[in-house]
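Since chain A is already given, all that's left is putting chain B on it; use the hints.
Protein chains in written order, with the numbering used here: chain A, 1 to 393; chain B, 1 to 117.
Rather than coming from a laboratory, the hints here were simulated on the basis of the structure. A hint or two may mislead.
[Claimed, not checked] Residues from chain B shown here face chain A by an in silico Cβ test under 10 Å; the list is partial:
1) Ala52
2) Leu54
3) Asn58
4) Met60
5) Asn61
6) Thr68
7) Gly77
8) Ala93
9) Lys94
10) Pro98
11) Gly102
12) Lys105
13) Leu111
14) Ala114
Model, not experiment: these values are computed from the prediction. Quick reminder that beta carbons are idealized off the backbone N, C-alpha and C, glycines included.
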Amino acid sequence: MGAVLGAEVVFGRFMPGGLIPAAFAETTEKFRIAGKHAGLIILNDRPVNAEVPAHLLNDLVTPADKLFVRNNGLPPENVDVNNWTLTIGGESVKTSKTYTLAELKKKFTHHTYQLTLECGGNGRVEFDPPAKGNQWGLGAVGCAKWTGVRLRDVLKDCGIKDDAVYIGYHAADEHLTRNPDKEAISRGVPMHKALEDESLIAWSLNDEEIPAMNGHPLRLVFGGWPASTSGKWLTGISIRNIVHDGAKMSAPAYRIPCEPVAPGTKVAAEDMCIIESMPIKSMVTFPKSGVKHALKDEFSANGHAWVGDKTVEKMHVSIDFGQTWQEVKISKPVNRNAWQHWQAKVKFPQAGYYELWAKATDSDGVSQPMILPGWNPKGYLNNACHRIAIQVV
Amino acid sequence: MITFKKSILLLSLIVLPCSYAISEDKLDKDSGFVVDTGFELVKANCTACHSAALVTQNRMNRETWLETIRWMQKSQGLWPLGESEKVILDYLAKHYSPTKTGRRKNLPAHLMPAVEK
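Extracted from the complex, chain A is given alone in its bound form (with noise of 0.2 Å):
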């Protein structure tokens, strides 16, 4: 489709209808995604990719306004909430089924947890030499609340064969040439995370419907891993008797090199490993940087750190570029796989200027690197300390 066609004949008919205003739709003024807060930071408009300010995400849950929204592809317009339907099939699925939303939500059980979601190119502007996409400042992260059900009693209520290794969703969004043979994105988790007690098929954020540029009506949610593990607008599951072979599954998308590489090396295909549990982070989220702030009184900030499936155990910041760290307080997580809170108090020692670095330490004794760590050709997972400007005066 539009192989030999020229530019001029089909621009119209690539632009999204509803979302955006056409008059928008190439433009660099700024415009507002539906239900979402002014402030977020809109990378791209097609597709809808937007991050979210560190002083706005400062919110022990995510509000639903202040949530990122990363997508690949076009989200579905006109969702008809009656009539949604998830087919569970697959090589590896003992009995398909095909449930409606009121199915699922009446025969198994809810289960309300707190997670994060935070995309795998998080952090990516850092990279030198660059890494082409999205250009993610570190605002692609969330902890919002999630209502569903468990994945694991959906599978098994249709069973799992002994030889499934990997599940795979499959969603309503249109791929970007609105071309109907490919999925804008297809990704999924191995078995033991699938069956995961937090692995959820959600209907529910903060006790709402799900925004619709995060999922509405239905999406998976595994906190902890890249994002793009929890498939929005998800209308099937796959149980894989393989490694889920679908769109954005395949060596680069959301893989590393499986050794360390020295920066702008080329990497290939076969050599790139699929990113699961995310690293050890935190930020700061409040004050905003550039405050100024008087000698005489402490300094309070505060914010979030989390790390994929273990847990943050120590919480550190430093005044004098990570010269010295003085430990501070982190709460325990509320449920597994949800973000944690650290709470700092700090006395300058003389007038001018300074950064405030955070570092967060995890359960195996893994921290953050000051600077970006390890180079990867698709910039993800860095996880580099945050810091915010203070002017004291």
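Chain B only, in chain A's frame:
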């Protein structure tokens, strides 16, 4: 004129607050592309399928821009660019090439304390 320049600067801050130094280049007000030879071709061919911001926020050398074009032709339905290809590559390599940054940049201007003079 001053007001116009200010609004361009402001827009680039809003769209790409974490990226690159603010340039004095004149930007196309619809797409945000640097106005220079070939920008209309880039606008016509690239923004048919995706946002202009997906180009302007990226930095690649000529070889990688070409690889990206080939990938889009192979898997994303991009048509052959013919004679326009060289003009497009010249433009992208001139205005959207990598700049040396080191292992960690300073904080961007919008996150720094206000300077009093």
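To see whether the hints hold, each was checked on the structure:
{"no.": "1", "hint": "Ala52", "in the structure": "6 Å, holds"}
{"no.": "2", "hint": "Leu54", "in the structure": "5 Å, holds"}
{"no.": "3", "hint": "Asn58", "in the structure": "5 Å, holds"}
{"no.": "4", "hint": "Met60", "in the structure": "6 Å, holds"}
{"no.": "5", "hint": "Asn61", "in the structure": "8 Å, holds"}
{"no.": "6", "hint": "Thr68", "in the structure": "6 Å, holds"}
{"no.": "7", "hint": "Gly77", "in the structure": "4 Å, holds"}
{"no.": "8", "hint": "Ala93", "in the structure": "14 Å, violated"}
{"no.": "9", "hint": "Lys94", "in the structure": "16 Å, violated"}
{"no.": "10", "hint": "Pro98", "in the structure": "5 Å, holds"}
{"no.": "11", "hint": "Gly102", "in the structure": "7 Å, holds"}
{"no.": "12", "hint": "Lys105", "in the structure": "7 Å, holds"}
{"no.": "13", "hint": "Leu111", "in the structure": "4 Å, holds"}
{"no.": "14", "hint": "Ala114", "in the structure": "7 Å, holds"}
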